[in-house]
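Novice: With the sequences and hints as input, model every part of the structure.
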Amino acid sequence: MENRDASLCYIVAAGMSKIGKREEDGVELFVEAFNEATNTIEPRDIEAVYVGVQSERYEHQIMYGALVAERAGLLMREAYRVEACAAAGALALHTAYMAVRSGLYKVAMAVGLEKMTSKNTEEVTDSLMSASDYYLDQLNGITIPAQYAMLARRYMHDFGAKEEDLCLIAVKNHENALYNPKAHIQRRITVEECMNSRPVARPLKLLDSAPISDGAVVVVVASEEAARRYTDTPVRILASTVSSDTLSISQRRDLTWPRAVHSAAEKAYKQARLKPSDIQLAEVHDCFTINEILLYEALGFAPRGCGYILAREGETQRGGKIPVNTSGGLKARGHPVGASGLAQIYEICQQLTKQAGKRQVDAEKAIAVNEGGVNSTAVVHVLAV
Amino acid sequence: MSAEFLSALCEGRILASKCGECGSCSLPPRRRCPECGAETGYVELPHRGRIITYSEIHVSASRAELPYVVAIAELGEARLPGIVRNARYEDIAIGDEIEVIIEKRPSESPLSCWYFFRLTKQKR
Ligand SMILES: CC(C)(COP(=O)(O)OP(=O)(O)OC[C@H]1O[C@@H](n2cnc3c(N)ncnc32)[C@H](O)[C@@H]1OP(=O)(O)O)[C@@H](O)C(=O)NCCC(=O)NCCS
Ligand SMILES: [Zn+2]
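As you go down the protein sequences, you meet chains A and B in turn. Take any residue in the first sequence, count from 1 to its spot, add 580: that is its number in the numbering used here. Take any residue in the second sequence, count from 1 to its spot, add 41: that is its number in the numbering used here.
No wet-lab data here; the hints were simulated from the structure. As the structure is a computational prediction, the values presented were derived from the model and not from experiment. Among the hints, a few may not be true.
Claimed, not checked - Some chain B residues judged to face chain A by a derived CB distance under 10 Å, without partners named:
1) L68
2) S101
3) I113
4) A119
5) I135
Note that CB positions come from ideal geometry on N, CA and C, so glycine has one too.
Specialist: Given below as structure tokens:
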């Protein structure tokens, strides 16, 4: 693919609701994000709407594409929902990207949203479990946290990481969220607190886990010509890629290698004509601490089995070699499942356009990894200014 | 092919598929290899194998009794997840041996039979 082609889709606006336990319903959270995004663009220019939502179990509501178009004053547009569990948000952006790259539309909107806190933790756990293989995992009561826990157990066994190493990720991401006014959890934690937090699926504990959150994010993309009408400093999408793996981790030959993420990242680096060492900032899918470590390796930030060493050395903190999850990540910014992929994109746009306030880092090229299931569908974006 | 898996299970057999070209094994059995798309054939798995990873679940909607232990076991060339009935987290290590126990379910349950793991030998 020509590099010239890869610069044909731009992010021209983004907005995000405050993430947390919110009173509002999902579509009201969308409006909050939409109002921010449309400060700088004409909303009526939007020709297509793609909405990532994980589940109708929380609000008993599907048809979110049409619903969002209705609330945005965009009736009669192409508008529909896309789904890949927690990868739904980035998948909505991938769909908008394809719509613009294909020449079908000049301006398209990606939306991610979830209103989870209307249900209790057991119901949420059950709803998330539908992302796993029905026979192999659901019938055996193997929850999503337990799948990540089994990855963690094996990783610790194979490479010598300790539970404390996993907690380092939580400590870092909680620290970053202190400087993000929209983050769900703004509380400094210690490794000791994390180690003493109650078990969710051993060896993973409450403070290894992302919280259950409500939130919505809007990202508007445009062709080169349309982008110029809105802004002189659009964020370029250098790559947008997707790969899929088995639903059940039990059917993977190499448990601790997130192969779909690696595959999507390889495609993305190739599209963007970049290598891992060119990347200066990353937002990765840390739904459980272990996954951030696995993703360091799949993205090529650390050799196989050495992701936890990178964390120990502090290289992924702000000010380190490659800052990861400056927003606080899913862990502390919060994890409204269908919105998280776009919350990553929102953070990268804030950083690349120097609007990240106290958590600002110096970066011009960034990568985002959003995944659904247990690294079963991986969506990777490379962005640059 | 999940139906074949279930009916074989009720006859006391654990049925997987194996690719004729790349040799990879899958559960539940399927006609095409997920890796390479080639056609597969059936293979029967041994009922004993080793634990390759495990967890103990403390938050769940699907079972009344918490916590419970789950594991993935290597049975011959395939891998099967399941519940380990007779062990706590502290009792288990990677490499421990399990046996697959198939049991009949009450007639009103949607599955006429299912399985669980029994820890048989500890590695240490
Ligand atoms: C970890 C988890 C089980 C905790 O839920 P819970 O046991 O019901 O916890 P509660 O809601 O009772 O919260 C207890 C306290 O911990 C806080 N808390 C809850 N989850 C938290 C988390 N993940 N991290 C930090 N703090 C958390 C709450 O704010 C609350 O604090 P407060 O008492 O000061 O208000 C739940 O957050 C969870 O299931 N997370 C994983 C979600 C998931 O799987 N996402 C999809 C992955 S792809
Ligand atoms: Zn094959």
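Novice: Hint compliance check: list the failing hint numbers for this structure, sorted ascending.
Specialist: none
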